[in-house]
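So the protein lines, in turn, are chains A and B.
Each residue of the first sequence is one higher than the one before, starting from 0 at the first, in numbering that gives the first Met the number 0.
Each residue of the second sequence is one higher than the one before, starting from 0 at the first, in numbering that gives the first Met the number 0.
Any given hint could be a false lead.
To be verified - Which stretches of chain B does chain A cover? Using the computed rule of at least three CB atoms under 8 Å from a CB of chain A, they are:
#, segment
1, 32-42
2, 138-150
3, 237-246
4, 258-268
5, 283-297
Unchecked claim - To give an idea of the interface, some chain B residues facing chain A are shown, with a C-beta separation under 7 Å as derived from the structure:
#, residue
6, V121
7, F130
8, Q155
It is worth saying that the hints were derived from the structure and are not from the lab.
Only a predicted model underlies this, so the values are computations on that prediction, with no experimental measurement involved.
Even glycine gets a Cβ: it sits at the ideal position worked out from N, Cα and C.
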Amino acid sequence: MAWDYADRDSRSERKGTRERLPGTQSVAAGRRRKAGSRRDLRNGLLFLSPWLVGLVVLQAYPFLATTFYAFTNFDGLNPPKFVGLANFVNLFTADPQFWPSVKVTVWWVVFSVPLSIVVGILLALLLHQKVRGIGIFRTIFYLPAMVPFVGGSILFLWLFNPSGGPINAILSAVGIDGPGWFIDPVWARPTLLILSIWQVGSTMIIFLAGLQDIPGELYDAASIDGAGRLRRLRHVTLPLLTPAIFFNLVLGAIGAFSYFTQALVASAAPSSLGGASAPGGPLNSTLFYSLNLYTQIFTNFQVGYGAAMSLLLTVVVLALALALVRTARRWVYYHD
Amino acid sequence: MISDLEGVLPTRATRRTLAASRERQRHRHSGASRARVVGTYAVLILVAVPFFFPLYFLVTGAFKPGRTLLETPPTWWPHPWTLANFHSLAGYPDVDLPRYALNTLYISGFAVVAGLASSSLVAYGFARIPFRGRGVLFAVLLATMILPAWATLIPQYMLYKALGWLGTFRPLTWPFLLGDPFTIFLLRQFMLGIPRELSEAAKIDGANEFRIYWNIILPMLRPALVVAGLFLFINSYNDFFGPLIYLTDSGHFTLSLAVFQFVQLRGAPDIGAIVAFTLLVVAPLIIIFFFAQRTLLSGIRFSGLKG
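With these hints in hand, go ahead and build the complete structure from the sequences.
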């Protein structure tokens with residue numbers, strides 16, 4: 000992956016300078032080299048300066064400030080007062096919304112991430128068939144991924160509206176009594192899952208690209224060795240897709256922890272439109288962590304409390320990303 | 000004569016027909032493989048239906064009479080085709096479609112122009128200038144891409160509030176002047192692939208780094224800039240959370256925020272206007288996709304695999 004390239008790249012460059020340096024060069028050349036590297040440093044920082052300013056003003060300082068606010072009773076107006084671990088104690092022991100929102104979010108990460116990887120691979124395998132007109136199917140499978148999140152959520156509210164929406168009409172035509180979907184606390188999250196699978200296009204394209212990069216000789220060799228289709232899938236295709244699986248796993252998990260827009264749009268809509276008329280509803284079944292956090296900050300003005308929740312989410316996401324990168328060495332296979 | 004020439008110079012087209020005829024021959028010989036092709040199509044079509052249906056229903060639904068949209072059994076095809084839903088949408092006194100469209104276009108356009116200008120500079124520093132500490136800074140850049148937005152959101156909000164920017168477009172646009180991590184990353188990857196000899200030659204001729212960036216790298220970067228610009232546009236068009244927290248009066252609303260607000264305040268009798276509104280929000284990106292499909296898909300490939 001990219002960070003490997005980055006490492007290899009800068010390492011070889013550094014080695015290059017070291018090889019050129021020793022003894023053989025005159026003092027003047029050494030001085031020139033030093034001046035050159037000083038000039039490189041100045042130029043490099045100059046080119047990076049927009050991002051460096053952003054890094055300090057919009058990333059580093061805010062992150063430190065979030066960490067600080069997490070231990071205060073900040074309300075957004077009055078000066079924050081240090082309260083120690085009170086926010087965290089509150090979260091873990093007293094807040095009736097916290098654990099439900101954690102459960103909803105963990106459920107989402109556990110189901111949506113693997114499901115979109117499996118569906119993404121299956122669709123990519125389907126699109127990898129060499130038949131005429133496959134481009135049309137690629138367009139059809141990818142197109143939903145272009146639909147803006149808000150638009151897609153409203154569209155699904157309408158399609159899955161239990162009073163008059165086409166999905167339940169189709170189901171009843173084949174003798175199934177459709178559920179209440181976004182209105183039903185049991186079905187609200189699975190319906191969001193259907194929505195996210197409908198928009199799986201980008202994941203699918205990355206897998207498709209991975210499939211197209213697998214050299215044909217490997218399949219030929221496997222066939223000569225007597226491997227059938229399933230064994231070729233298991234022992235050639237899947238190992239060579241592991242970099243793409245890893246990429247989608249990391250990005251998917253990070254995104255799933257911050258899942259927000261679709262849940263808010265679908266739950267806040269009035270019930271006559273198929274929604275729950277309450278953000279996070281019905282019965283907190285779509286109260287995702289981010290949605291809970293948003294309410295704490297922007298409705299209840301519990302800024303210090305929200306900062307504690309933000310910090311917690313950040314620590315969990317970073318720990319998970321780190322853990323995934325660590326395990327990658329064991330199961331991600333790089334072909335070249 | 001022409002076929003002779005083709006024999007000498009196999010063009011891409013002839014190579015393709017050759018391959019196709021070979022393929023066809025192989026198929027003609029085995030009935031099993033024909034059955035496989037039919038089976039493949041059957042599965043493809045079966046899977047395509049649920050992916051296609053929602054957009055089909057949205058596009059046709061916007062042109063059906065509004066009262067039929069929540070009726071059982073559903074109307075499958077507009078009968079008659081009507082623009083009534085769009086007229087009714089435009090008739091709501093609190094809906095100002097041109098305003099929302101302009102706001103969205105301004106924010107997304109700003110993101111593209113500012114994002115490309117700043118990010119390409121930063122990417123040049125990362126890709127072409129070998130300075131001490133570059134590796135560490137690049138690792139920091141990657142780390143910021145993993146950081147959830149919540150990690151920095153509250154203090155950012157307080158900062159914009161202190162600057163008096165709440166309710167303006169600035170919190171959604173000005174940060175792009177400071178580079179967008181993903182865009183920087185994408186452009187850097189592309190720049191690494193540009194041969195070093197080109198800039199070395201210019202350096203010997205006395206060109207400074209900025210001239211090399213401007214005269215040599217930037218023109219070669221065109222395809223990558225198109226891809227990165229498309230991503231910037233789509234992501235900023237799609238952004239809902241930023242407008243939700245930073246835009247306060249409906250005169251500044253984006254399309255996504257406005258349609259969300261609209262749906263919250265209405266009910267089943269307004270379904271015609273809601274469906275028309277949804278189509279108007281969705282259509283621009285779908286149209287962009289049809290014009291830029293190849294560029295976009297290759298961009299996703301590039302960012303996904305090389306990244």
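How the hints compare with the structure:
no. : hint    : result
1   : 32-42   : holds (count 4)
2   : 138-150 : holds (count 11)
3   : 237-246 : holds (count 4)
4   : 258-268 : holds (count 7)
5   : 283-297 : holds (count 6)
6   : V121    : 4 Å, holds
7   : F130    : 3 Å, holds
8   : Q155    : 5 Å, holds
No hint from the list above goes unmet by this structure.
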